[in-house]
Amino acid sequence: MTVGDPDEQLKLNDGKVDSQGRLWIGSLTPQTNPTVFEFVGAKGSLYLINKNKSYTTQVSGIKLSNGLTWNPEDTKFYYVDTMKLRVDKYDYDPNTGKLSNERTAFDLRENNIGGYADGMTMDNEGKLWIAIFGSGMVVRVDPVNGKLLSSIKFPTLQITSVCFGGSNYDELFVTTGNFKQFTEFDKEYSKEEICHPLNGSCFRVTNLGIKGMPSLSVKL
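Per UniProt numbering: the sequence shown = residues 1 to 220.
Calculated from the structure, these hints are not laboratory results.
Only a predicted model underlies this, so the values are computations on that prediction, with no experimental measurement involved.
Don't take each hint at face value.
Unchecked claim - For lysine-lysine, the following BS3-like pairs were computed, each having C-alpha atoms within a straight-line distance of at most 27 Å: (1) Lys147 x Lys211; (2) Lys84 x Lys153; (3) Lys16 x Lys191; (4) Lys98 x Lys219; (5) Lys53 x Lys127; (6) Lys11 x Lys51.
With the sequences and hints as input, model every part of the structure.
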């Protein structure tokens, strides 16, 4: 199936399944230059794909659609448009998939975090875990008060996504990118830091004392 306008040359990015078995997936606007975060407008969207394979546009005007997740009570939806430098929060109706009352859950710069929010997940305590591309870290935040709780540093700057796994969902898996050049970071980091030999790795973090929630299967 096709979602969105194929003539816009959009790319699909992060996706996740909700409690009803529906697939949510977002698109990103074409970049003017693949080594910088510059985009041709804001043509991306967040889509909800229904069980009959129809889809609805839930959020539009997106530059770079990324992480998405729900709270344990299934009443709040959290979403990253990377270029906004924040995580947005919506009220959520699990039966219809309707989003309402958009507001900021976490602002990177207000919490002195450089880089960009990328992939995201939530633990069973209702706290967000956000991959920060360009800062080499994953942060745990409280989406109720918007405060940074803790962070985990990694040797590579290019942290792309995060999820819980393991038999008890108490291990954190962290993916990374392997961009050979990223002009945006040239002034702040050396070539060796940008092109770290562990770029492209998947890290496993244990002994967190925190559990995530199981992933769900799509029903199409």
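* What are the numbers of the hints that this structure violates, sorted from low to high? -> When the structure is compared with the hints, numbers 3, 5 turn out to be violated.
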